[in-house]
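Colleague: Below are the chains, spelled out letter by letter.
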Amino acid sequence: MKNENSRRSFIKNISLATFSALALSGCNTKAFDDFLQQNFKTLSKKEKDIIIKNLGIKYKEKYGKEFHISDKPAIDGTLFGYALDLSRCVGCRRCVYACVKENNQSREPQIHWIEVLQMEKERGIDFAHSTAQYNPEKVPEKGYFYVPVQCQQCKNPPCVKVCPVKATWQEPDGITVIDYNWCIGCRYCMAACPYGARHFNWGEPDVPVEELNTEVHYLGNRPRMKGVVEKCTFCIQRTREGKYPACVEICPVGARKFGNLLDPDSEIRYILENKRVLILKQELNTQPKFYYFFGI
Amino acid sequence: MNFIRFITGSIKIIFHGSKTYYAWLILLLLLIIWGGIGYSSQLAHGLIKTHMRDSVSWAFYIGNFTFLVGVAAAAVMLVIPAYIYDWKPIKEIVIFGELLAVCAVIMCISFIVVDIGNPLRFWHMLPLIGTMNFPSSMLSWDFFVLNIYLLINLFVVTYLLYCVFYKKEYNKSIVLPLVLISIPMAVAIHTTTAFLYNAIPGRVFWNSALLAPRFLASAFCSGPAILLILFQILRKTTKFEIKDEAIWKIAELMVYAMFIYLFFTIAELFKEFYSDTENILYWKYLLFGIGEHKEIVPYSWSSIIMGCIAFVLFLIPKTRKNFLTLNIGAVLIYASVYVEKGIALIIPAFTPDILGQIYVYTPSWIEIRTAIMIFSLGFLLFTFLSKIAIAIVFEDYNIDGIRSKKQRLPE
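First to last, the sequence lines map onto chains A and P.
As numbered in our numbering, residues 360 to 655 make up the first sequence, in order.
As numbered in our numbering, residues 25 to 435 make up the second sequence, in order.
Examples of chain P residues lying across from chain A (beta carbon under 10 angstroms, computed):
id: 1; residue: 70
id: 2; residue: 139
id: 3; residue: 377
No lab work stands behind these hints: they were computed from the structure.
Please read all numbers here as calculations on a predicted model, not as lab measurements.
The beta-carbon is built from N, C-alpha and C at its ideal position, and this holds for glycine as well.
Kindly produce the complete structure, drawing on both the sequences and the hints.
Modeller: Below is the structure:
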């Protein structure tokens with residue numbers, strides 16, 4: 360057994376040495392701190408404050424801009440829900456670009472959290488025959504309707520279930536978020552998501568500095584790094600401050616509705632009560648909080 | 025101290041060899057460098073250097089990973105027939121099977137490392153220091169079983185060689201239970217890998233209960249194919265003795281595996297094509313292409329054709345017992361399963377993508393070079409380990425020789 364011990368300690372020493380060598384190679388202490396940073400969900404208030412302060416300094420150095428980074432937790436008694444009026448949507452994609460701007464998505468390579476699909480009226484909701492690449496002079500086109508798809512904020516999210524490192528989780532107000540500093544980039548969540556709502560930073564994300572939105576949430580629209588997954592957070596930086604998501608505000612035809620599912624007087628409850636709603640891929644039991652309905 | 029001498033003794037062996045041996049090493053090193061330069065460009069610029077995108081977010085790397093899990097699993101499962109049919113050199117079969125398994129698992133883990141966006145954050149997956157999502161995520165299960173499997177095999181094979189090196193009788197009460205654990209573990213690693221895909225209801229192409237059985241059947245085709253050829257080489261070049269009957273028996277077992285694999289695949293195809301639901305799209309993309317998009321059709325049909333030829337060659341006793349046709353069959357079935365796991369398993373599950381859009385994926389040069397780097401590294405490791413094992417097991421390279429320093433190192 361003596362040999363076993365020496366072997367074990369040998370392996371231990373070697374792995375420790377490699378570990379530190381890997382971590383230290385060509386890095387300053389800040390990068391080292393970044394490397395050792397723990398899962399955001401497991402941190403205390405104090406640790407979070409330090410991380411956020413350092414992040415502010417880092418952004419200032421990198422972009423020359425003052426960022427306001429929030430880590431505001433969920434408000435008690437809120438469960439966010441979304442409704443989209445299929446009879447009104449004209450497929451103009453303004454929501455797509457408002458979202459890109461608000462949430463600091465990479466312009467090159469291009470990342471869109473919302474994908475608008477054009478579908479044939481005769482077929483109904485049929486993904487296999489839909490196209491995201493429609494490009495007419497004027498929308499809507501005759502014979503077609505439009506289905507914008509983004510994160511459906513499932514009550515039973517398959518992406519959270521499969522993440523091997525718990526880098527993504529559902530907040531108490533129902534928003535599924537990602538800790539970009541904890542995500543290892545394995546993309547299992549992207550394979551698991553039935554709505555194509557998760558997007559990967561295949562390259563270094565590029566956002567023109569003058570277009571950066573500096574009002575950010577740590578779990579939402581703060582600038583990301585390459586090699587991590589990102590997704591719609593119902594504009595967590597806005598909605599936790601009592602504002603509407605950017606896509607709701609921009610929609611020129613008022614097809615997008617948003618509110619608190621736990622508030623009996625909210626518009627979203629009114630829609631659930633008075634309109635007939637449907638959810639996408641309901642057979643998968645993901646239980647989305649994103650409802651589609653026909654307003655007219 | 026003893027163990028260190030065993031290690032230094034082993035290291036000495038790998039630097040002594042014939043010209044062909046050195047030529048082989050240089051070839052592998054060149055391939056590693058060529059592949060490594062490709063991979064370094066991916067490290068610098070990110071996975072954008074691959075052809076994967078949001079629509080097809082897993083592809084060639086994960087396919088290679090899956091294939092190698094099969095190789096790792098089958099190498100050890102071969103111990104069962106060796107035991108049941110009482111092939112003479114059971115210890116040697118265990119040693120070489122487990123060496124192959126060790127190398128294959130290391131290659132598997134390398135393919136995962138090159139596939140993830142932040143390889144330095146790998147430690148997040150570890151229990152205690154990271155936050156492993158256990159038991160919920162099948163990926164953490166897979167990581168867990170692969171590592172245990174690696175450790176068990178590494179231990180058993182090192183221990184066996186160590187005992188031979190010191191001319192000691194190995195302790196059966198240590199080795200036997202571990203070998204007996206490693207066999208169900210071999211089944212477990214491939215099943216868990218199948219469940220990794222199977223557990224995603226959104227990807228209907230994988231969402232079939234037959235996936236895990238098909239994985240095991242195909243692994244039992246490809247894994248023994250390597251050992252079949254390896255045993256013949258060992259028999260020719262060393263004192264390793266394995267009877268023709270044992271080799272034909274392996275081939276016979278592979279025929280059963282191929283038949284089961286074929287049957288499972290036909291059952292799957294019947295269900296999909298007769299039902300004719302919208303889920304058939306993925307199978308159509310695989311076998312016939314959709315519209316003008318026929319990019320992976322040549323891959324799938326070459327896999328099918330190679331597999332069928334191998335099946336026929338192995339099925340007919342005359343060609344099974346002829347070593348030329350047997351080896352052709354072994355290479356064909358290996359290639360067939362490689363293409364099936366590397367290309368045909370992963371890509372159709374993502375094409376059309378989850379919202380019905382088609383993004384055509386074929387591996388980029390960076391991906392191919394990275395894969396070549398990992399395969400060359402794996403071959404290099406396997407060459408070294410088998411060289412050590414051959415010297416210790418067959419060429420009486422042992423502690424006495426080192427002590428007296430008279431013994432010439434084996435070529």
